[in-house]
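J.: Residues per chain, in single letters:
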Amino acid sequence: MTRICIDPISRVEGHGKITLQQNKQQVITQARLHIAEFRGFEKFIQGRPYWEVPVLVQRLCGICPVSHHLAAAKAGDMLVGAKQLTPTAEKMRRLMHFGQVLQSHALHFFHLSSPDLLFGYDDEVRHRNIVGVIQDFPDLAKQGVLLRKYGQEVIRITSGKRIHGTGAIPGGINKCLTTDDRDFLLKDIDQIVEWGVSAVGIFKKIFYEHADYHQQFARIESNMVSLVRADGALELYDGGLRVRSADNRLLFDHQNTNNYLDLINEHVESWSYMKFPFLKSLGVEKGWYRVGPLARMNNCDFISTPLAQQERQEFMKLNNGLPVQFTLAYHWARLIELLHCAESIRELLPDTDLLSGELTVKGDMQQTGIGVIEAPRGTLFHHYEINEEGLVTKANLIVSTTHNNQAMNESIRHVANQYISGNEITEPLLNQLEVAVRAYDPCLSCATHALGQMPLEVNLLDENGLILDKKIKSSNYAG
Amino acid sequence: MPAFKIDDQEVEFIPGQSVMQAALAADIYIPHLCFHEDFKAHGSCRICLVMQNGRYLSACTIPAVEGMDIINIRDDVQEQRKQLLELLFIEGNHVCPSCEKSGSCSLQSVAEFCGLLSPSLPFMYPNRSVDASHADFLLDFNRCILCELCVRASRDVDGKSVFGISGRGSNAHLVVNSADGKLVSSSFEKTDRAASICPVGVILPKHRGFKVPIGKREFDVTAINERRENDAG
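The listed protein sequences derive, respectively, from chains H and G. With this note's numbering as the guide, the letters of the first sequence map in order to residues 57 to 535. With this note's numbering as the guide, the letters of the second sequence map in order to residues 944 to 1176.
Calculated from the structure, these hints are not laboratory results. All C-beta atoms, glycine included, are put in the ideal place defined by N, C-alpha and C. Misleading hints may appear alongside valid ones.
What the hints assert, rightly or not - Derived CB-CB ranges, DEER-like:
| no. | chain 1 | residue 1 | chain 2 | residue 2 | range |
| --- | --- | --- | --- | --- | --- |
| 1 | G | V1127 | H | Q311 | 15 to 21 Å |
| 2 | G | Y1068 | H | G257 | 51 to 57 Å |
| 3 | G | G1107 | H | Q422 | 33 to 39 Å |
| 4 | H | Q423 | G | V1038 | 47 to 53 Å |
| 5 | G | V1038 | H | K526 | 34 to 40 Å |
| 6 | H | I219 | G | P1069 | 26 to 32 Å |
| 7 | G | T1134 | H | E444 | 22 to 28 Å |
| 8 | G | G1107 | H | G103 | 34 to 40 Å |
| 9 | G | P1040 | H | Q247 | 55 to 61 Å |
| 10 | H | K205 | G | Y1068 | 33 to 39 Å |
| 11 | G | D1018 | H | P194 | 44 to 50 Å |
| 12 | G | D1019 | H | D409 | 51 to 57 Å |
| 13 | G | T1134 | H | N314 | 36 to 42 Å |
| 14 | H | K205 | G | D1019 | 25 to 31 Å |
With these hints in hand, go ahead and build the complete structure from the sequences.
T.: So this is what it looks like as structure tokens:
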């Protein structure tokens, strides 16, 4: 038995380490993505007042802080007894969230993942990064940067800052748009939608050029979990839980998110700070699942905006209407969602509820608050208990990376078995392992609430656990 | 009227006024934390130190004297203030990113005015508590800078003496004057002057954090060096 360890993983936020174990036939029998850091938000928010939590917990992440902000605010809504937000509050939050998913998806695809897809995995590391994209594909790079910028402007206008603002509060929001704000965003939205269409087109072009390769890369079959709207539409802000099995059976549908603990449990492995969630009804072995753009695209019945819906129809033909399972389809689904967000912003901006109206509502205080939202990389659960004084006594956060934990391990094992050469960690193997992780997530930090950039270390061990080979890649967004 | 100079600017004063009072009357800002126009000068934070004849004096306690030549804004004076401010930051638990007082906090704003952007000394991370026992107000002792404005407001205006300072030296800390030390057991009320006097984020109304959006907070609207004490809510 041989074990390979990749440590650290690069262009992923957080510090990752991969260990691969080989048997005597040089087949990878075990792949483990270790998350080596621990941040511990669940612990240190204990004793803090609940109204501080939406602003505090968003510091988990610099890529998708708005999702944490909104999930915590939704939990806060429940705590303050706000059963139905005002139209102004709900629409402002949705606008903020569309901006968030738009900017995060643009960052994930253009800045972090497109270099792999455009240049190939054997391209020189010094070139295979966003700077290389800017040099070789300046128009594409510009679109990526400006798409992200637009999303960040939506966040700034709705929450006060591009990163770590304060817009959502328990029971509602603290501001609405001015007409200047609205007009500022309206000015560029047609261009943003156009670039959204073009982004999907770019991925499709890359995909179809090597369709077989892309379909087989890190391919696994899994259950899918996401929110859906009451009518089955793609939903990012609020909805019921839908669980679809790998063979396309609906295991649960429109489940109230407040009952998530009836559906999902987590188990712990001694080698990772990241927990392993699973569907209770299927058990630890078979109950693991995937969340995020791929799960959402497979789970929903349709998308409410026309251009994204058109793209989804083409996407779903890949597997004749059955769930699309290949891992790089995450990027395809991600870009369809990016387009959906751009279209949704365009639909929402003329709504006069954004300009005025009641900002907050309150009811009878509760001591349990659960907020569930679709973060860019998947379903995000925030669950808080507070005491009579309003201080947090318990918190449970299940983030998208954690949901995908087992799936990432499975994808890594698949890639390793495809590309391992003897008992040596080659550069292409290292790169392809990273590409697999990056398809799910550039962001391992929030999964353990760990801080830092994401270097990659890979170790290859034999059956006795002795290191046969070790490769380390330094932390570097730009390669 | 008699006059003196602050940074070469002529400042008239009424005999009996402190340098700080005369400066504020002339719309000259001297950074400060424990001074408030409504209360007797305390002289404890030392942030208002100015230089006169090569010596540092606290502007809030030194009487204005004709012919004084005060240095207020100069690098060496600001450097002294920055050191004092840094000590205040490291001695408490001031987590600005998640503090609802951020943007309306005098400590944060004075530090920004003086150019203290990040402390260089190690944080002490004292173990301090939160008292949320009162129905309307919360006390977060992590953020106390011992300015005693609440002590003075409660004693001198509210006539209650709800707050006090206990301990000495580095063990000095804010306490509530009640049998069990809890705010709920004191005579504190939300209409008290002490309820709205805290320059940092210790005494805060419950259930309403972050209600004021970024851009509309106290020091977003008016920089600390451009406003008067009683402009604040």
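J.: Now look at each hint and say whether the structure bears it out.
T.: Results of checking the hints against the structure:
no., hint, in the structure
1, V1127(G) x Q311(H): 15 to 21 Å, "violated, 41 Å"
2, Y1068(G) x G257(H): 51 to 57 Å, "holds, 53 Å"
3, G1107(G) x Q422(H): 33 to 39 Å, "holds, 36 Å"
4, Q423(H) x V1038(G): 47 to 53 Å, "violated, 25 Å"
5, V1038(G) x K526(H): 34 to 40 Å, "holds, 39 Å"
6, I219(H) x P1069(G): 26 to 32 Å, "holds, 29 Å"
7, T1134(G) x E444(H): 22 to 28 Å, "holds, 23 Å"
8, G1107(G) x G103(H): 34 to 40 Å, "violated, 24 Å"
9, P1040(G) x Q247(H): 55 to 61 Å, "violated, 33 Å"
10, K205(H) x Y1068(G): 33 to 39 Å, "holds, 38 Å"
11, D1018(G) x P194(H): 44 to 50 Å, "holds, 45 Å"
12, D1019(G) x D409(H): 51 to 57 Å, "holds, 55 Å"
13, T1134(G) x N314(H): 36 to 42 Å, "holds, 38 Å"
14, K205(H) x D1019(G): 25 to 31 Å, "violated, 42 Å"
Figure legend: structure checked against the earlier numbered hints; hints not met, in rising order: 1, 4, 8, 9 and 14.
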